[in-house]
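Undergrad: Full structure from sequences and hints, please.
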Amino acid sequence: MLSGIYGLLSASFFVAMDAVDVAFTEASVGAGISTLLMFLAITMTERRDHSVRHKPWLALIVVVVTGALLIYGTLDMPYFGSADAPIHVHVAPRYINDSMQEIGVINLVTSVLGSYRAFDTFGEVVVIFTAGVGVLALLSVSRRPENDAKIDALNVSMHEQHLILRIVIKILIPFILLFALYVQFHGDYGPGGGFQAGVIFAAAVILYSMLFGLSTARRVINQPLTQFIAALGVLLYGSVGVVSLLNGGNFFDYNVLSDDPVAGQHLGILLIEAGVGLTVASVMIIIFFNFQGRKEYGQGQAKGDV
Amino acid sequence: MGTVVEISSGFFLLVGAFLSVSGGVGVMRFPDFYSRMHAVGVTDTLAASMILIGLMLQMPESLVVVKLILILLLTLFINPTASHALAKAALHNNLAPLLDKSGDNNAGDDSSNS
Amino acid sequence: MIAVATIAILVVMILAITRGIVGPTLYDRILAVNMFGTKTVLLLSLLGFLMGRPEFLDIAIVYALINFISVTGILRYSDALGSTVSVDEKPEKKES
Amino acid sequence: MFLGLYNYWIVVVLMMIGFYIVIAHGNLIKKLVGLTIFQTSVFIFYISMAKVNGGTAPIVGDGIEIYSNPLPHVLILTAIVVGIATTALGLALTVRIKEAYGSIEEEEIQKKDNSTC
Chain S
3 MLSGIYGLLS
13 ASFFVAMDAV
23 DVAFTEASVG
33 AGISTLLMFL
43 AITMTERRDH
53 SVRHKPWLAL
63 IVVVVTGALL
73 IYGTLDMPYF
83 GSADAPIHVH
93 VAPRYINDSM
103 QEIGVINLVT
113 SVLGSYRAFD
123 TFGEVVVIFT
133 AGVGVLALLS
143 VSRRPENDAK
153 IDALNVSMHE
163 QHLILRIVIK
173 ILIPFILLFA
183 LYVQFHGDYG
193 PGGGFQAGVI
203 FAAAVILYSM
213 LFGLSTARRV
223 INQPLTQFIA
233 ALGVLLYGSV
243 GVVSLLNGGN
253 FFDYNVLSDD
263 PVAGQHLGIL
273 LIEAGVGLTV
283 ASVMIIIFFN
293 FQGRKEYGQG
303 QAKGDV
Chain G
13 MGTVVEISSG
23 FFLLVGAFLS
33 VSGGVGVMRF
43 PDFYSRMHAV
53 GVTDTLAASM
63 ILIGLMLQMP
73 ESLVVVKLIL
83 ILLLTLFINP
93 TASHALAKAA
103 LHNNLAPLLD
113 KSGDNNAGDD
123 SSNS
Chain P
78 MIAVATIAIL
88 VVMILAITRG
98 IVGPTLYDRI
108 LAVNMFGTKT
118 VLLLSLLGFL
128 MGRPEFLDIA
138 IVYALINFIS
148 VTGILRYSDA
158 LGSTVSVDEK
168 PEKKES
Chain V
4 MFLGLYNYWI
14 VVVLMMIGFY
24 IVIAHGNLIK
34 KLVGLTIFQT
44 SVFIFYISMA
54 KVNGGTAPIV
64 GDGIEIYSNP
74 LPHVLILTAI
84 VVGIATTALG
94 LALTVRIKEA
104 YGSIEEEEIQ
114 KKDNSTC
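Chains as they are written, first to last, in the working numbering: chain S, 3 to 308; chain G, 13 to 126; chain P, 78 to 173; chain V, 4 to 120.
Calculated from the structure, these hints are not laboratory results.
Some hints could be false.
[What the hints assert, rightly or not] Mimicking DSSO-like on lysine-lysine, the simulated pairs with C-alpha atoms at most 27 Å apart in a straight line are:
(1) V/Lys-33 / V/Lys-114
(2) S/Lys-172 / G/Lys-100
(3) V/Lys-34 / V/Lys-115
(4) V/Lys-34 / S/Lys-297
(5) V/Lys-34 / V/Lys-101
(6) S/Lys-297 / G/Lys-100
(7) V/Lys-33 / V/Lys-115
(8) V/Lys-34 / V/Lys-114
(9) S/Lys-172 / S/Lys-297
(10) S/Lys-172 / V/Lys-101
(11) V/Lys-101 / V/Lys-115
(12) V/Lys-114 / S/Lys-172
(13) V/Lys-101 / V/Lys-114
(14) V/Lys-101 / S/Lys-297
[Unchecked claim] A short list of chain P residues far from chain S (calculated; beta carbon distances all over 12 Å):
(15) Met-78
(16) Ile-79
(17) Ala-80
(18) Val-81
(19) Ile-84
Where is the CB? At the ideal position from N, CA and C, for every residue including glycine.
TA: Now the structure itself:
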């Protein structure tokens, strides 16, 4: 099926991007989880592919014409890697040259993300939060007690097959969590930051829930708390902006958070990254738990019906 | 001293490269799933460790070496486990090994040795 | 030397992709994905050295972890996809 | 003479593959895969624009003069995570459609809709 190829494709795309930095971390992290979600959704729906392609020739013609127009459009674009392209002339030099004095964070991507463009990032975090809420609204199930026993039995029989995997994962999970924290707090000095750390943290929890069963994972990390944390992250991010507003600066102007502007910037970026990390991690966990809960619910239903 | 380190690092890198190429050829040429798995599972771990050791010798900077050791440990943990789980899942879902003519190079060898 | 190893790994990656596209069964594809992931980790470490900026090593660690997670996940759910899953409850069970 | 533009061509080809999958397939999950490929091509577009010849990753170090442009990296970094979240939302919708209609093929869904109302 298309799943394996999909995983390969996304991986190889991001390898092709390699000359660049942080985007890659993010990409590799994204490749794992989105492949997993895609695969989960495929198992939940249909795997046979009996789709009739409607009018492939028409589609092909549309695609070819659009592609030709786009390629014609690229003829005026600046060459790959040329240093005097418009994109490199306007705001980027300021970010590159002045941010060391203004913000003092070694990783330019973090400083642009957290400080110069904090508004954008806030918007993105709200979008992620909204998507989490949407998945919750679409897929959350109120579990009936009589299905529980069946689901548990199914889980146990699944787990008997994966003994070695479970032990290795038990050893690995603390390291993954620790590494997520490292990425979170190392974001000022190297590749990393809240987005990546959140996804890695969520990946550890997802790994646990996959191998040990959803009900066990829910006992460790219960879902209302996760939902609360997702909201808390957005709230933390927003309140940093409000506090800087109250202190007499602009929204997300961290200079006023402390006596020393640079220290204020550091504090602001740290808080914001923490908010981003909390939100991303808990939203990913919510999404995954709900998909998995829906799947097990469906399996329980099917077994109950037969 | 310097040249000895240089030469040994080059040696390790070359051995790693050779092993991974042979694994790749094996994946392309072998007839069925389990023998392909054998080719990958055995060579992959050793090739990864060889290349990582070669890199470690190149750069005597402490933090980088620590990170490389971390990657090495992860590879040693993850690779055999993954191939074990893969073979087991394949066997469990009734994917029969190719048993007939060429004798006994098939069995679900899960490469936990490396 | 590093350049030679990089080229070798690129070749192996191409072979792995071919196997992933050709691969007759689902497990061949998963095997190819797994192999591709391992080789990507190595490629990232090598590239970091080739460019003289070993910051790439963090990414290699992340990639190793994420690759393992996605392979495990696909295996776990491919049980449901595979044709006949024999769900026989064994009596002795661990605490779960 | 136009060889310096090859990065855009790769992007266009990928984008068109994604576009083709979206419009030519009836399977909703395949449509989502197509959208993801389309999305990836946009990511590659931004990242390749940020590249400067001879530049390295935008992390300040000693003795490095030229950096890649950090701004597209920031935009794409957030866009990737947002992309996963929205893809998850789309998949959730697909799962619900499957439960309600028993199919994720566009035409069968259409047929059922027409027959009921």
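Undergrad: Indicate, hint by hint, whether the structure satisfies it.
TA: Hint check results:
1. V/Lys-33 / V/Lys-114: Roughly 20 Å between the alpha carbons, so the hint for V/Lys-33 and V/Lys-114 holds.
2. S/Lys-172 / G/Lys-100: holds (19 Å)
3. V/Lys-34 / V/Lys-115: With a Cα-Cα distance of about 20 Å, the restraint between V/Lys-34 and V/Lys-115 holds, given a limit of 27 Å.
4. V/Lys-34 / S/Lys-297: holds (21 Å)
5. V/Lys-34 / V/Lys-101: Distance ~15 Å between V/Lys-34 and V/Lys-101 Cα, so the pair holds.
6. S/Lys-297 / G/Lys-100: Holds, because 23 Å separates the two Cα atoms, which is no more than 27 Å.
7. V/Lys-33 / V/Lys-115: holds (20 Å)
8. V/Lys-34 / V/Lys-114: holds (19 Å)
9. S/Lys-172 / S/Lys-297: The hint holds at about 24 Å.
10. S/Lys-172 / V/Lys-101: violated (35 Å)
11. V/Lys-101 / V/Lys-115: holds (12 Å)
12. V/Lys-114 / S/Lys-172: Not satisfied, since the Cα-Cα distance of roughly 49 Å exceeds 27 Å.
13. V/Lys-101 / V/Lys-114: holds (14 Å)
14. V/Lys-101 / S/Lys-297: Given pair V/Lys-101, S/Lys-297 holds - Cα atoms ~12 Å apart, limit 27 Å.
15. Met-78: holds (20 Å)
16. Ile-79: holds (15 Å)
17. Ala-80: holds (15 Å)
18. Val-81: holds (18 Å)
19. Ile-84: Its Cβ never comes within 12 Å of chain S, the nearest being 14 Å, so this holds.
In summary, the structure is inconsistent with hints 10, 12 from the numbered list given earlier, while agreeing with the others.
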